[in-house]
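Asker: Letter by letter, the chains look like this.
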Amino acid sequence: MKQVVKYLITAATGLSLAAGVAFSASAQDATSLDDLLRLVQENRAAAQRIDQERERRFMDERADRQALLEEARQQLADEEARGERLQETFAQNEVDIANKETELDNMVGTLGEIFGVIRGAASDTIGRISTSVVSAEYPGRADVLESLAEAQELPNIAELEELWLALLTEMRESGRVSRFQGEVTLLEGGRETREIVRVGAFNLISNGEYLLYNEDTNQIQPLGRQPAGHVLRAARDFENAESGYQGVFVDPSRGAILSLLTQKSTLAEHYHQGSTVGYAITVVFAIGMLIALYKLITLTMTGGSIRSQLKNPENPGNNPLGRILKVYHDNKQADVETLELKLDEAILRETPKIESGVSIIKILAAISPLMGLLGTVIGMIGTFQSITLFGTGDPRIMAGDISMALVTTALGLIAALPLIVVHSIVSGRAKSIVQVLDEQASGIVASHAEKGE
Amino acid sequence: MQLYLMGLWETVRDFIATGGDVLYLVFIALLIMWIVLVERYWYLLGVFPKDRKRIIEQWEARKDTTSWYAHKIREAWVSEVSVKLNSRMLLLKTMIAVCPMIGLLGTVTGMIAVFEIMAVQGTGNPRLMASGISMATIPTMAGMVAALSGMIFVTRLDARIRRERDKLLDSLPHH
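Line by line, the protein sequences are chains A and B. Heads up: the first sequence begins at 1 in full-length UniProt numbering, then just goes up one per residue. Heads up: the second sequence begins at 1 in full-length UniProt numbering, then just goes up one per residue.
Isolated chain A (complex conformation):
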């Protein structure tokens, strides 16, 4: 609304100004109507002239513009044509580029493959060489190959030959047994230069023991725990052999099996896994063996004295048979019935002393496996407790208690076996002595009496 009002005011002002001019002109020159007419006509003619002039100028300009337009159109057409041409070229170039790229790929393709193979082979060889015990004898072989494996550009002939040589050396050395002087890092600290025998790419032997090659530190170390005796003996014989053939134990895993060996626990460690129950079984075993030893000594002595007594029935000595014979000598005048009663009494007095302790050995032999069983049960309780706490996820947590369970069983059996054997020996001796006293004493007395008559 406001705008409308504004337009109206502007229009009104315009009109009033025009009227003003007209009126002022008439007021100036219009002295008469004729003048006015003439004036008007003159003005009209002048205006017409101006108009014509303007029209002509416009027409002229129009022609110019037309020409410009034509020119511009021509230019557009030209440019469009050029654009099309360029586009065509572009498309053509695209195709060309694609073709060239495929061509390049084709050309590079085999060469790149070869390069990749070389790099792969080089890094493989590094892996093999650096872990190989051959490197203990020839250190620093992997350095040359490392540049080859990490290089970005194409390798040259010299480097390729280096790889070839490295592979050939490894191949040749893995089939040879060689002796060399090497620095051994001892387990208790310090170093020592020793003569080392290398068996192919598998083992290092020195001073009759197996050595390990640590590829991280490039050190030769003795194995923490050496394998069994006959294996080491074969190794020593092999080391000392001057010629001919000699057998040796080789670790085909290049040290892995030997280093696993160090994780095996020793006999003493096994024994201590039995803990309290194991020690208790040891005590039972020791007591049993001591009793058995005592009984063996006393029974042997008694047996000996009885045997010497058998040869000399006249002079009863201080031994079981002697004491029985003494009863006979004291009761020579008694009748047969009384004598037999007296003899039986004397025999009955002697037998418990001989048989004492034998049954204890038997009881101990029976107890020790039972104690082993007790250890098993205690171990299993521990196992189930750790299962309650940690679940069954890791068998290593349970392993400690299970080994206790098994070790005590084994200890129980180990204690029981010698005790049983010893008991059978002791009780055999005791039985034979008792038999001599029981069944033969009266006979000895009888034959002696017959001789005396």
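Everything labelled a hint here was simulated from the structure, so no lab data went into it. Being a predicted model, the structure only gives us computed values, none of them experimental. A hint or two may mislead.
Unchecked claim - With the Cβ distance kept under 8 Å, some of the chain B side facing chain A (calculated, not the full set):
1. Tyr69
2. Lys72
3. Ile73
4. Ser87
5. Leu90
6. Leu91
7. Thr94
8. Ile102
9. Thr109
10. Met111
11. Glu116
12. Met118
13. Gly122
14. Pro126
Claimed, not checked - As a list, the in silico DSSO-like pairs of lysine-lysine whose alpha-carbon atoms are at most 27 Å apart:
15. Lys50(B) x Lys431(A)
16. Lys311(A) x Lys84(B)
17. Lys353(A) x Lys93(B)
18. Lys93(B) x Lys362(A)
19. Lys451(A) x Lys50(B)
20. Lys353(A) x Lys342(A)
21. Lys50(B) x Lys353(A)
22. Lys353(A) x Lys311(A)
23. Lys311(A) x Lys63(B)
24. Lys50(B) x Lys63(B)
25. Lys342(A) x Lys311(A)
26. Lys63(B) x Lys431(A)
Each residue gets a CB set at the ideal place from its N, CA and C atoms; glycine is no exception.
Got chain A; can you put chain B on it based on the hints?
Answerer: Just chain B now, kept in the frame of chain A:
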């Protein structure tokens, strides 16, 4: 021949290596058992008939065979022979009883080996555990076989000894 023996020895050592050191114990028990067994048969078949003949002759030579003295002397003679007959029979029977127990010991030590491998390596590698299991089973089998090999002979020997003793008693009549 030497090569064959070497091969045989290697086989035995391989067997012992898979079965574990407990097999040595089984072997010792078996050796003792068979030495004693052979010795017993040798006594029974070689030495005992002479003893029996001597005793029977001595008995026949006696004038008095009915008195208390004669009775006791006969008893003593028979007892003497029976001690000789029965000596080491207890050891023999113990060895037979001990052999399966040694086998059981082998089972337990083998299981210890299995659990040791489990503690070090975990349960991932059944091949490693198999070595322990063979250590557990082979001694058991060896112990059983050892016990069985002696059992028949020992039982027969025992019966034979009892029979011989009774026969000796019968051939010493009171007359």
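Asker: Taking each numbered hint in turn, which are not upheld by the structure, reported in ascending numerical order?
Answerer: 14, 21, 26
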